[in-house]
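Residue numbers (this note's numbering), protein chains in the order written: chain A, 1228 to 1583; chain B, 1228 to 1583; chain C, 6 to 404; chain D, 6 to 404.
Check the hints yourself; a few may be wrong.
[What the hints assert, rightly or not] List time: in silico DMTMM-like cross-link candidates among lysine to aspartate or glutamate, alpha-carbon distance up to 20 Å:
no., chain 1, residue 1, chain 2, residue 2
1, A, 1368, A, 1383
2, C, 397, B, 1492
3, D, 148, D, 198
4, C, 397, B, 1460
5, D, 397, A, 1537
6, D, 278, B, 1352
7, D, 278, B, 1356
8, C, 278, A, 1358
9, A, 1514, D, 7
10, D, 397, A, 1492
11, C, 264, B, 1515
12, D, 278, B, 1358
13, C, 397, B, 1537
14, D, 267, B, 1537
15, D, 264, A, 1515
16, D, 397, A, 1460
17, C, 278, A, 1356
18, C, 267, A, 1352
19, D, 108, D, 234
20, C, 278, A, 1352
21, A, 1390, A, 1352
22, B, 1514, C, 7
23, D, 397, A, 1515
24, A, 1474, C, 135
25, B, 1368, B, 1426
26, B, 1474, D, 198
27, C, 397, B, 1468
28, D, 45, D, 198
29, D, 148, D, 215
30, B, 1402, B, 1426
For the record, the hints were derived by calculation from the structure and aren't laboratory data. Just so it is clear, the structure is predicted and the values come from calculations on it, not from any experiment.
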Amino acid sequence: MDFNLTEERQMLQDTLRRYLREQYGTARRNEILASDTGFSADIWTELADLGILGALFAEDHGGFGGAGFDIAVVFEELGRAGVVEPVLDSALMGGRLLAAAGKTDLVELVIGGSLHLAVAHGEPDSRYDLDHVNTTVSDNKLTGRKAVVMNAEAADHLIVSAKNGGSIALYLVDKGAQGLDIQGYPLLAGGRAAEVTLDNTPGAPLGLTLADYEAANRLALIAQCAEALGAMETATALTKDYLMTRKQFGRPIGTFQALAHRMSDLLIELEQARSAVINAAGYADGKDADLHLSASKNLIGRIGRLVAEEAIQMHGGIAMTQEYELAHIAKRIVMADHRFGDTDYHLERFIALSAA
Amino acid sequence: MDFNLTEERQMLQDTLRRYLREQYGTARRNEILASDTGFSADIWTELADLGILGALFAEDHGGFGGAGFDIAVVFEELGRAGVVEPVLDSALMGGRLLAAAGKTDLVELVIGGSLHLAVAHGEPDSRYDLDHVNTTVSDNKLTGRKAVVMNAEAADHLIVSAKNGGSIALYLVDKGAQGLDIQGYPLLAGGRAAEVTLDNTPGAPLGLTLADYEAANRLALIAQCAEALGAMETATALTKDYLMTRKQFGRPIGTFQALAHRMSDLLIELEQARSAVINAAGYADGKDADLHLSASKNLIGRIGRLVAEEAIQMHGGIAMTQEYELAHIAKRIVMADHRFGDTDYHLERFIALSAA
Amino acid sequence: MDLSYSPDELAFQAEVRAFLAGELPQDIAEKVRLDTDLTKDDMERWHAILNNRGWLAQNWPKAFCGAEWSAVQRHIYDTEAADANAPRIVPFGLSMLGPVLQKFGSKEQQDHWLPRILDGTDWWCQGYSEPGAGSDLASLKTKAVRDGDHYIVNGQKTWTTLGQFANMIFCLVRTDPDVKQQEGISFLLIDMDTPGVEVRPIILLDGCHEVNEVWFTDVRVPVENLVGEENKGWTYAKYLLTHERTGLGGVGFSQAGLKTVKRIARAANHNGKPLIENPHFAARVAQVEIDLRAMATTNLRIISQAAAGEAPGLEASMLKVKGSIIRQEINDLARRAVGPYAMPFASEAVEGANDRIPDPLDAGPVAGQYFNNRKLSIFGGSNEIQRGIIAKVTMSGGA
Amino acid sequence: MDLSYSPDELAFQAEVRAFLAGELPQDIAEKVRLDTDLTKDDMERWHAILNNRGWLAQNWPKAFCGAEWSAVQRHIYDTEAADANAPRIVPFGLSMLGPVLQKFGSKEQQDHWLPRILDGTDWWCQGYSEPGAGSDLASLKTKAVRDGDHYIVNGQKTWTTLGQFANMIFCLVRTDPDVKQQEGISFLLIDMDTPGVEVRPIILLDGCHEVNEVWFTDVRVPVENLVGEENKGWTYAKYLLTHERTGLGGVGFSQAGLKTVKRIARAANHNGKPLIENPHFAARVAQVEIDLRAMATTNLRIISQAAAGEAPGLEASMLKVKGSIIRQEINDLARRAVGPYAMPFASEAVEGANDRIPDPLDAGPVAGQYFNNRKLSIFGGSNEIQRGIIAKVTMSGGA
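Just chain A, same shape as in the assembly:
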């Protein structure tokens, strides 16, 4: 049993944390949020140059990491800084699906930062169910509608799921493909997504099935939990600082017992969240992977809500303003609950897997 980061991961963490601290402050990030594209191409290139994208892939695929803890380390730091660039969807999910399909040449471009991807799986009424796909395919032409597809506008290729006979298969669809319609919109917590419709749109079969998608989804769950953890760390740190800076009756408000005790409860729950991410990353390869992942996502969802709400409440009015760092961080935390299954979805899955 060992709870220390390896030297490589420690370096990765230090590098990324330092870079984001210097280059991704509130002002810069708020500029990116207000931009048309919703993300910064410069930041993306620099993340690639720093090897952050490569850390998400195994050596076999040209990366130098790819394990659960590599993913957790990267996304915790991205979450800490409230990064809105679509590392999770474009690089991790998209890239790992291409890696699973053996498209090593394309993966190289992802790691290098020059290829952008989107994963179009969910549909308007699928909610969080992974096996609910109504998009059809016939003769490698896809028809259907995909919901809230992250990074669809910027993607060079979309990875699209469709029902091929009785089973679900994944296809690579080019940006300019015929019959592809992308209606983009901004997201509350930053970045952009789109409603994607396909009308007899040609796609190249990737040879991947629902099981492959589920494998990528496991990685996404680790990443999403870790990102939320990082954001919670920032929310907690901001709150701690605020409580010790802001004064009433001549004393920092954090020295008043009610707020002090609530702050202690946040710190206790933050340790729980940290352990949940460790469990997610550490058990994601084992036989009980889904049980652990659902446990972690449920816990992160519950604690995330608590942390976001308490951090705002203990700040008071200032946290209600868009320009304050916590406003964005709190939105990242709460909106994480709407990705890859929410608190209740994973509670139910945990119950089902426990009974099995």
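Got chain A sorted already, so can you dock chains B, C and D onto it with the hints?
The following block gives chains B, C and D in isolation, referenced to the frame of chain A:
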């Protein structure tokens, strides 16, 4: 709309509160708790003499009350004082079932305090389900086992449910009836109950069905909610007093913000509980009676747990000792959750009735 | 004890219902249903309709052309209005300034300002909070110095709701800096077109422009705009706070919100069944509904006390805390119910047709609303302030 | 990062498992499973079995005949022991006094007292808390006045766990009344057979006799029973508190408790189906299980830090708070699971065969346990004290 007690009910409340304050202090009550019978015959007689038992019955049956608010007023005061005498089971449920059966002569004895009853409905595996009865009847002879029957040892008659063909019917069984076995034991929160077995035991049919039992059960729900409310009021008052008496660093501990805010939350929830009892009593005759009763019992269960646990926690060690008033009161509150359906049972019933 | 409405109350309820069914513009109701921001014109239209019916100034005495409704009547209106998706009445002139002028204003002030509130000539906003003062009004710094027939006002107010629409602001200003904090404060009416008044928007975390900063630089205010006596403003402010404290539980809003949650959850799919049938979601809905049913009765109890002449003090604080928790929980349920479609930034989306989000659940900006309504436990005296009040009053043996 | 056990650790786990399977008396395990009170004899029997195996003094150095286990080994033992329903090791001599004597005691004291702890000659209890002092040890009032070769002790201790079984008590006593509160305290070993020592039972709210008051009236204690230096007792007490603070999360107890809850809920009927299949109950179980899984990992992280030489300070407080909440939640679930059969007063019932309660779920006194374990968040530094410590340390910039 009117939220004032009628003059009669105000008098009833004042009389009962004064009597219990004077006659049912901690020392007296702890004596009763330690006694073999688990209740005081003197107190019972005095409650009858004061008209408290009569307040639970309509004028038609020789009483002078019997409405939801009469029951709520009486049981709130009984709960406030932590009374362990079986008013709910013996007088209210037993008496009202006999009243429904038209046994006005027996009801008169109940009101007068000379007839003691027990209601034997639940069975070892029925939990809180009302329609789960395995006791059988044939030729007015009953066979089966009844679980946790309150006041069975002291009762002159037991009202016993049994499956008569496809439907459930109620029977009056005499104390000394043949084949009746009563294994009594004390209860954690005071009073005594028993496992009752019947082996071809003769019973007189009361002409009552499950629907009649359900009607009595509605009254029991009002009473149980009101009793728990009264106990919560005592728990809250004791805690408030303690917080303002006990000092640390030269100040009453209640002036420290964390405890002060938690105390405020208890007071807020106590108002919720009070409204829940009003809803239970006020809507118990209407078409949505069961919906309101389930809402109230669920809320009382949740708030009861909060109040009991917080009252103990804010007191600290002293509340852990058996002889302190709060110890008994907290047990009354929490054990109320185990009668007539617990928090989850009524949550589920509320959901089912809402959907209907 | 009697939980049912009297025949008169039932008749009134029917009257309100008929009025709302006939007079509430459908485009406005639809915006309210979807929690979309109303325009100034929307609000003015609705005020005019209510004023026509004589129902705009519900709590004003008849002597001032008010409806002079009983507490129960107001409760009935609130419930029916929320149920019909009517907008709330903008409170600054009607519920806040009006009662203060009626109690403490001069005859001239009453004659001049009150009719203008009713007919919509003036749109008022409130100048109480200041940066760094939190909920502590007594520490305010905006100064008014007498100069002949005018006061010269300098300072800054913040969290001024709908200040961007207002032409008038009622302010607490410090007129005597040498006395104890709560003394030396005056209540001043300021025309926002006066030179030196500047309104700066504050964008809230959900992207909405709802509150503002208001800056005063050498603003000249005629002395006749002083309400009551100089340095007695604290008394008037306290009166206003008490007056403002009815309906704090927001029962009607919560009931309407819960209806929305159920509508969404009936439409939303969860594993091939309507989400409302999922026991975990159903349990969350049921628990908040049960809490709300109890609070609705608490609300009525307090209203009935108020009708009997008792001032709602402690109970108002309790209602505000519990009411905010319940409303916020309902906002949270709405966000959950919508699922992935809670993520789009909907307020911006409604502006450009191109950016329109094809939300299949027709839910409106539920996540934005979730964040926006964190304000319920912060503004107007935070829940921490309320808990402090409750503790102080009860621990000193009050209740 | 690696969450799996090493081969050595796995081998140790197997060894512990085999030992428990072979050596733990079944009657004792059954009592532990049902949360029935153990007799003094039960505890002494189990201590003797562990001592035989060399596993009684798990954290003592080998030099003092201890097992000198690593933190991970102790964690493995704790988990397995809880799983097998082994009783916990009575901590007063082994985990509390032992380490203090080893660090601060004289050679004579070590040679005399430590073997007697191992072989069961002495049963120790702890004399720290005093009435009215709460968790604030520094304000203690029990006095020890030097008189030749003896101290004369007067005063009262309270909440003395299992004091009814003890023949020895280690006490904090005030030896210098004239200095600041935390100074002037000494650490004294007192033979409970000395005239003037009186033990009075405190019956807890679940009816159990578990704690006591201990009164001292002119009790003569030989000076050689002073540990370390006079007036330095506070230092030793703090050392002991730190030492006591491992395993505070009670992970093993919670895991065993959760197993019990599931067993009961599989057997209990709910509307014709096992209770465990009811989604509301299942959700409660799942949430606490998820919390427990995370806390188990937090526990291991802290153990691994401790093994690396870092003192568990803040983290121990966090574990104690969260651990107590989780255990209490599990107690609450057990009580719920049992339904109406939670009402009988079971501890008394086991005494007389006539009063035996025919509980069809074989659940033991779950409601009594629920009340009894409210102590987890009160005794040994209440959760409020722990939250204060956490806030103080982190707010000052520590973590």
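Outcome of the hint check:
1. For the hint pairing residue 1368 of chain A with residue 1383 of chain A, the CA-to-CA distance comes to about 18 Å; that is within 20 Å, so the pair holds.
2. Taking the CA atoms of residue 397 of chain C and residue 1492 of chain B, the gap is near 13 Å; set against the 20 Å cutoff, the hint holds.
3. Only pairs whose Cα atoms come within 20 Å are accepted, and residue 148 of chain D paired with residue 198 of chain D is accepted, the gap being roughly 19 Å.
4. The hinted pair formed by residue 397 of chain C and residue 1460 of chain B meets the criterion: a straight-line CA distance of about 18 Å does not exceed 20 Å.
5. Our distance criterion of 20 Å between C-alpha atoms is met by residue 397 of chain D and residue 1537 of chain A, whose separation comes to about 19 Å.
6. With a C-alpha separation of about 11 Å, the suggested pairing of residue 278 of chain D with residue 1352 of chain B holds against the 20 Å cut-off.
7. The straight-line distance between the Cα atoms of residue 278 of chain D and residue 1356 of chain B is roughly 12 Å, inside the 20 Å bound, and the hint therefore holds.
8. A hinted pair counts as satisfied when its Cα atoms are at most 20 Å apart, and residue 278 of chain C with residue 1358 of chain A qualifies at roughly 14 Å.
9. The hinted pair formed by residue 1514 of chain A and residue 7 of chain D meets the criterion: a straight-line CA distance of about 16 Å does not exceed 20 Å.
10. As the CA atoms of residue 397 of chain D and residue 1492 of chain A are separated by approximately 13 Å, the hinted pair is consistent with the 20 Å bound.
11. As the CA atoms of residue 264 of chain C and residue 1515 of chain B are separated by approximately 18 Å, the hinted pair is consistent with the 20 Å bound.
12. Note on residue 278 of chain D and residue 1358 of chain B: the hinted pairing holds, with a Cα-Cα distance of about 14 Å set against a maximum of 20 Å.
13. Restraint check for residue 397 of chain C and residue 1537 of chain B: satisfied, since their Cα atoms lie roughly 19 Å apart, inside the 20 Å limit.
14. For the proposed pair residue 267 of chain D and residue 1537 of chain B, the alpha carbon gap of about 27 Å is over 20 Å, so the pair is violated.
15. Between the alpha carbons of residue 264 of chain D and residue 1515 of chain A the distance comes to roughly 18 Å, so the proposed pair stays at or under 20 Å and holds.
16. A hinted pair counts as satisfied when its Cα atoms are at most 20 Å apart, and residue 397 of chain D with residue 1460 of chain A qualifies at roughly 18 Å.
17. At roughly 12 Å between alpha-carbon atoms, residue 278 of chain C and residue 1356 of chain A fall within 20 Å of each other, so this suggested pair holds.
18. For the given pair, residue 267 of chain C sits about 17 Å from residue 1352 of chain A by alpha-carbon distance, which is consistent with the 20 Å threshold.
19. Note on residue 108 of chain D and residue 234 of chain D: the hinted pairing holds, with a Cα-Cα distance of about 13 Å set against a maximum of 20 Å.
20. Annotation: proposed proximity of residue 278 of chain C to residue 1352 of chain A holds, straight-line Cα distance about 11 Å (limit 20 Å).
21. Note on residue 1390 of chain A and residue 1352 of chain A: the hinted pairing holds, with a Cα-Cα distance of about 15 Å set against a maximum of 20 Å.
22. Distance check on the hinted pair: residue 1514 of chain B and residue 7 of chain C sit about 16 Å apart at the alpha-carbon level, within 20 Å; holds.
23. The suggested pairing of residue 397 of chain D with residue 1515 of chain A is violated, with an alpha-carbon distance near 39 Å, which exceeds 20 Å.
24. Between the alpha carbons of residue 1474 of chain A and residue 135 of chain C the distance comes to roughly 15 Å, so the proposed pair stays at or under 20 Å and holds.
25. Between residue 1368 of chain B and residue 1426 of chain B the alpha-carbon distance is near 8 Å, which keeps this suggested pair within the 20 Å criterion.
26. Of the pairs offered as hints, the one joining residue 1474 of chain B and residue 198 of chain D is violated, with about 35 Å between alpha carbons and a cut-off of 20 Å exceeded.
27. The hinted pair formed by residue 397 of chain C and residue 1468 of chain B meets the criterion: a straight-line CA distance of about 13 Å does not exceed 20 Å.
28. Among the hinted pairs, residue 45 of chain D with residue 198 of chain D is consistent with the structure: their alpha-carbon atoms are about 18 Å apart, no more than 20 Å.
29. Using a Cα cut-off of 20 Å, the hinted pair residue 148 of chain D and residue 215 of chain D is violated, with the two alpha carbons roughly 26 Å apart.
30. This hinted pair checks out: residue 1402 of chain B and residue 1426 of chain B have alpha carbons roughly 14 Å apart, not beyond 20 Å.
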